[in-house]
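For this one, chain B is given, so just place chains W, Y and C on it according to the hints.
Protein chains in written order, with my numbering: chain B, 1 to 266; chain W, 1 to 266; chain Y, 1 to 266; chain C, 1 to 266.
Please note: incorrect hints may appear among the correct ones.
One copy or two, it doesn't matter: identical chains are merged, so the pair holds either way.
[Claimed, not checked] Computed cross-link-like contacts, EDC-like style, restricted to lysine to aspartate or glutamate with a CA-CA straight-line distance of at most 20 Å: (1) Lys-136 with Asp-76; (2) Lys-233 with Glu-223; (3) Lys-233 with Glu-181; (4) Lys-215 with Asp-182; (5) Lys-233 with Glu-212; (6) Lys-27 with Asp-71.
Read the hints as simulated data drawn from the structure, not as lab findings. Since the structure is predicted, the reported quantities are computational estimates derived from the model, not experimental observations.
There are 4 protein chains.
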Amino acid sequence: MSEPHANARAGDLAFLSGPRGHSLTVKLTPGERVQSMHGVIQHEDIIGREWGTQISTHLGTIFTILQPALDDLLRDIERASQVIYPKDIGYILLNLGVGPGARVIEAGTGSGALTVALAHTVGEHGHVYSYETRDKAQALARQNLQHLGLDARVTLHLRDIGEGFFEQNIPAIFLDLPNPEDYLAQVRAALQPGGFFGCILPTTNQVSKALEALKQHAFGFVEVSELMHRYYKASAGRLRPADTMVAHTGFLIFARRLAEGLHAER
Amino acid sequence: MSEPHANARAGDLAFLSGPRGHSLTVKLTPGERVQSMHGVIQHEDIIGREWGTQISTHLGTIFTILQPALDDLLRDIERASQVIYPKDIGYILLNLGVGPGARVIEAGTGSGALTVALAHTVGEHGHVYSYETRDKAQALARQNLQHLGLDARVTLHLRDIGEGFFEQNIPAIFLDLPNPEDYLAQVRAALQPGGFFGCILPTTNQVSKALEALKQHAFGFVEVSELMHRYYKASAGRLRPADTMVAHTGFLIFARRLAEGLHAER
Amino acid sequence: MSEPHANARAGDLAFLSGPRGHSLTVKLTPGERVQSMHGVIQHEDIIGREWGTQISTHLGTIFTILQPALDDLLRDIERASQVIYPKDIGYILLNLGVGPGARVIEAGTGSGALTVALAHTVGEHGHVYSYETRDKAQALARQNLQHLGLDARVTLHLRDIGEGFFEQNIPAIFLDLPNPEDYLAQVRAALQPGGFFGCILPTTNQVSKALEALKQHAFGFVEVSELMHRYYKASAGRLRPADTMVAHTGFLIFARRLAEGLHAER
Amino acid sequence: MSEPHANARAGDLAFLSGPRGHSLTVKLTPGERVQSMHGVIQHEDIIGREWGTQISTHLGTIFTILQPALDDLLRDIERASQVIYPKDIGYILLNLGVGPGARVIEAGTGSGALTVALAHTVGEHGHVYSYETRDKAQALARQNLQHLGLDARVTLHLRDIGEGFFEQNIPAIFLDLPNPEDYLAQVRAALQPGGFFGCILPTTNQVSKALEALKQHAFGFVEVSELMHRYYKASAGRLRPADTMVAHTGFLIFARRLAEGLHAER
Numbered sequence: 001m002s003e004p005h006a007n008a009r010a011g012d013l014a015f016l017s018g019p020r021g022h023s024l025t026v027k028l029t030p031g032e033r034v035q036s037m038h039g040v041i042q043h044e045d046i047i048g049r050e051w052g053t054q055i056s057t058h059l060g061t062i063f064t065i066l067q068p069a070l071d072d073l074l075r076d077i078e079r080a081s082q083v084i085y086p087k088d089i090g091y092i093l094l095n096l097g098v099g100p101g102a103r104v105i106e107a108g109t110g111s112g113a114l115t116v117a118l119a120h121t122v123g124e125h126g127h128v129y130s131y132e133t134r135d136k137a138q139a140l141a142r143q144n145l146q147h148l149g150l151d152a153r154v155t156l157h158l159r160d161i162g163e164g165f166f167e168q169n170i171p172a173i174f175l176d177l178p179n180p181e182d183y184l185a186q187v188r189a190a191l192q193p194g195g196f197f198g199c200i201l202p203t204t205n206q207v208s209k210a211l212e213a214l215k216q217h218a219f220g221f222v223e224v225s226e227l228m229h230r231y232y233k234a235s236a237g238r239l240r241p242a243d244t245m246v247a248h249t250g251f252l253i254f255a256r257r258l259a260e261g262l263h264a265e266r
Numbered sequence: 001m002s003e004p005h006a007n008a009r010a011g012d013l014a015f016l017s018g019p020r021g022h023s024l025t026v027k028l029t030p031g032e033r034v035q036s037m038h039g040v041i042q043h044e045d046i047i048g049r050e051w052g053t054q055i056s057t058h059l060g061t062i063f064t065i066l067q068p069a070l071d072d073l074l075r076d077i078e079r080a081s082q083v084i085y086p087k088d089i090g091y092i093l094l095n096l097g098v099g100p101g102a103r104v105i106e107a108g109t110g111s112g113a114l115t116v117a118l119a120h121t122v123g124e125h126g127h128v129y130s131y132e133t134r135d136k137a138q139a140l141a142r143q144n145l146q147h148l149g150l151d152a153r154v155t156l157h158l159r160d161i162g163e164g165f166f167e168q169n170i171p172a173i174f175l176d177l178p179n180p181e182d183y184l185a186q187v188r189a190a191l192q193p194g195g196f197f198g199c200i201l202p203t204t205n206q207v208s209k210a211l212e213a214l215k216q217h218a219f220g221f222v223e224v225s226e227l228m229h230r231y232y233k234a235s236a237g238r239l240r241p242a243d244t245m246v247a248h249t250g251f252l253i254f255a256r257r258l259a260e261g262l263h264a265e266r
Numbered sequence: 001m002s003e004p005h006a007n008a009r010a011g012d013l014a015f016l017s018g019p020r021g022h023s024l025t026v027k028l029t030p031g032e033r034v035q036s037m038h039g040v041i042q043h044e045d046i047i048g049r050e051w052g053t054q055i056s057t058h059l060g061t062i063f064t065i066l067q068p069a070l071d072d073l074l075r076d077i078e079r080a081s082q083v084i085y086p087k088d089i090g091y092i093l094l095n096l097g098v099g100p101g102a103r104v105i106e107a108g109t110g111s112g113a114l115t116v117a118l119a120h121t122v123g124e125h126g127h128v129y130s131y132e133t134r135d136k137a138q139a140l141a142r143q144n145l146q147h148l149g150l151d152a153r154v155t156l157h158l159r160d161i162g163e164g165f166f167e168q169n170i171p172a173i174f175l176d177l178p179n180p181e182d183y184l185a186q187v188r189a190a191l192q193p194g195g196f197f198g199c200i201l202p203t204t205n206q207v208s209k210a211l212e213a214l215k216q217h218a219f220g221f222v223e224v225s226e227l228m229h230r231y232y233k234a235s236a237g238r239l240r241p242a243d244t245m246v247a248h249t250g251f252l253i254f255a256r257r258l259a260e261g262l263h264a265e266r
Numbered sequence: 001m002s003e004p005h006a007n008a009r010a011g012d013l014a015f016l017s018g019p020r021g022h023s024l025t026v027k028l029t030p031g032e033r034v035q036s037m038h039g040v041i042q043h044e045d046i047i048g049r050e051w052g053t054q055i056s057t058h059l060g061t062i063f064t065i066l067q068p069a070l071d072d073l074l075r076d077i078e079r080a081s082q083v084i085y086p087k088d089i090g091y092i093l094l095n096l097g098v099g100p101g102a103r104v105i106e107a108g109t110g111s112g113a114l115t116v117a118l119a120h121t122v123g124e125h126g127h128v129y130s131y132e133t134r135d136k137a138q139a140l141a142r143q144n145l146q147h148l149g150l151d152a153r154v155t156l157h158l159r160d161i162g163e164g165f166f167e168q169n170i171p172a173i174f175l176d177l178p179n180p181e182d183y184l185a186q187v188r189a190a191l192q193p194g195g196f197f198g199c200i201l202p203t204t205n206q207v208s209k210a211l212e213a214l215k216q217h218a219f220g221f222v223e224v225s226e227l228m229h230r231y232y233k234a235s236a237g238r239l240r241p242a243d244t245m246v247a248h249t250g251f252l253i254f255a256r257r258l259a260e261g262l263h264a265e266r
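Excised from the complex, chain B in its bound form:
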């Protein structure tokens, strides 16, 4: 994820968008070539070109070249497994108070979609600590982070957080696990006083359990919400919502660590 610039350079990630939604992301490397069902493109034919222009395969199929957006990269990761959606990620980043230079913990790592978004957002002066118990998932996340050049900003722990976090005094912790209620003591131990907690849960039963536990562990300013994202057909003369949409990804819970014994509400 290099800085945005006007012309494609060696080492850049390039997003190639072809006919009928066919797209792929490649790292531009002199001497390599893109193979697809639509034909071949030499990386060297892309390097030096202006972003937003078009290029043809040897079979004459046209692809448009762009620097990928974070959103495009997340969608690529998304295809590999059940991950957190872009609509939720933007809101999560905002509600965890995460910005350049921030330190943040997440568990579990999964395929690394949120890890990528966090690493992007904390920048080179921040750091992400990400916990996972399944080594295969961790390996996939590591690969995704390396591919995007974000691995130096992330420490990947292979560890059950029931045994506690290694870090202390961290400003923000996010759990993407089915049972956050089982880890709130560990979260308190690692979280700064007043720090930000968040989690995402698919079922209402899980939300009820998490709410009960948050109360018992002196978290306050608890907020539960969900985001429904509806796309429209982008036609000036026939503007209308798309026929179908994602109805549910998860319920988002955010809270603040208060001093023991407090239960303040917003």
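Positioned in the frame of chain B, the structure of chains W, Y and C alone reads:
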């Protein structure tokens, strides 16, 4: 917006949350005091305290003290005027590809809510260029940015963007104006090849006009969507959506600058 | 609720719509008059007029006169207490298989909004049996039904349904009570084989309890859903959703009575 | 659509629900048999059985038998073509003031889903006048109505409504056509003073055109809305919304015919 830390320090912004939703944000300054209908708190009684603890006014009313989240600060700004909502801001940041070190243009500045979010996200090595024609709005935005210590990251221009932007080769531009279709030539002139464009519009008629103009000005990968944000009552035993919700803030449009003459769709 | 016709007649319900959303419904009676903050209208000045025309009070304020829609009447009842919303009522009627000539049970009666809709829908050859334990609520419902001339189609029982329903072999039963799971044995005893069951519940905890009980009592084809109703500003040139909306009324559950021991799913 | 009763009779419509969502609706006729990929069931083996019980094919596959709900029948019709959804139909019936004994006009007939719902709701003493220009669509609708025994309540006209409606002084008219703005003079000519008008339109551009025309033709109390219907997984211990949902069917517009020259708003 200082780094998160465990104890309140002089110079910090402090969010004080009292009974029945009464809250306020102050910059902690030795010698000053908070006056409210619930009584007085000396800033010096807050400084040094752990975040997430409680403090009493001279009348015995209890307030909880926290470092404000970006979301809290945006809500404060929001009260002053019609601004972009947090639910939309997170998604806008993600879709403009904005992160640490980024340069980005927005117009109009308004009361500066999105300006604050952008300045927070680009960090001290990035920069925001924000255009506004009404000097009163600009003054309010400047005040909000100074209050949050973000003014060094933002250049506020008092200028009609119909006359063009001062900057060139900028990776991302966002317009919060009723008629983006009138400024797309200027946007192209300032935007990097392949760069990110976004806007927010309340009515479907405006969306139709913008879509028509985006096509004529060779923007591609156009996406139109809306986010519906539904809060829940955070009660473990009586979990249910809130009674009412915001039904609409605006339709979000995102697009990429393509080379002249192209109309690629995602 | 007389048949729709072209001109206002003595005995008709008339909906009078005045300035700034001020409206009222009256039964047209020679010799009576409408008193409002906007002045006086004689009923005799309305009788004989075409529906959809306008009439002036003695102070010169203009009112438009219409035969009330069922929806208008339900909104009037709605103001008096927490009732089932029109958006839900239409879907409930459809899913209970209720039409002209049908017999249907509901509990509790409440202020009678759903009772009115059911009585309207079953017509003069059908019948509604409505149970309530609070005599004040029942009295209000009776008054609403009489006002609309629908009381002959409804039997109002003052009885705790825990003691069972008086009727048997009824094709459809709807419960608007907080704890439907406590009455499913009674529902089975009164409901026709294969008959329609429905209920509305505000919290997810209640829905979980009801689902568990429906399974135990051999109800199948269980459907849980919610309807979100979003109004638009009806402006041709500035079309957009309203600013706020009702976020939640209740979760709707529908099921069919199966033979003992069966758990078929749709 | 015979009256609900406890046991299956010859002549009844029977809804047979088998494994993995496989279902079909048949009219019970002595001597006939149901053929499916799961085996054969003799109609005579169903006749006399209690609804809500189960029956086995000659191959041992189990089907549950029920009297179909109107909703089930509409879903069957729905499969054949683009029709109005149940979520919208309930609300349409309520807002047109349609009940037992009512007379109502609709255009176009399409495959007859709304026609069926209207005919069911007006009962044997009401009547539906339905206009269509395509004879194939009309033939399909006629077949659907006959299959359900509702054809005596419906007059099917093969006619372009631009030439006007045959009926006059009708209390309610619903248009399911792409260009209702072209027929409002004809609607006024057929509609009772104060009568109910409704239409459904997929795009915002169409809504804007219809709103403009309604104003010009002295319709008032105009309401524009949409219904979003979200299903839940009916699991007591894992309650959550379904993964995907229908995002859009159409915008619903309702209005009342006022006297010429009036523009009253609710």
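Against the structure, the hints come out as follows:
1. Lys-136 with Asp-76: within (18 Å within a copy, 44 Å between copies)
2. Lys-233 with Glu-223: between (32 Å within a copy, 8 Å between copies)
3. Lys-233 with Glu-181: between (41 Å within a copy, 18 Å between copies)
4. Lys-215 with Asp-182: Answer is within: at 13 Å inside a copy they meet the 20 Å cutoff, but 30 Å across does not.
5. Lys-233 with Glu-212: between (42 Å within a copy, 13 Å between copies)
6. Lys-27 with Asp-71: For Lys-27 and Asp-71, only the intra-copy Cα distance (17 Å) is at most 20 Å; the inter-copy one is 36 Å.
In summary, this structure violates none of the numbered hints.
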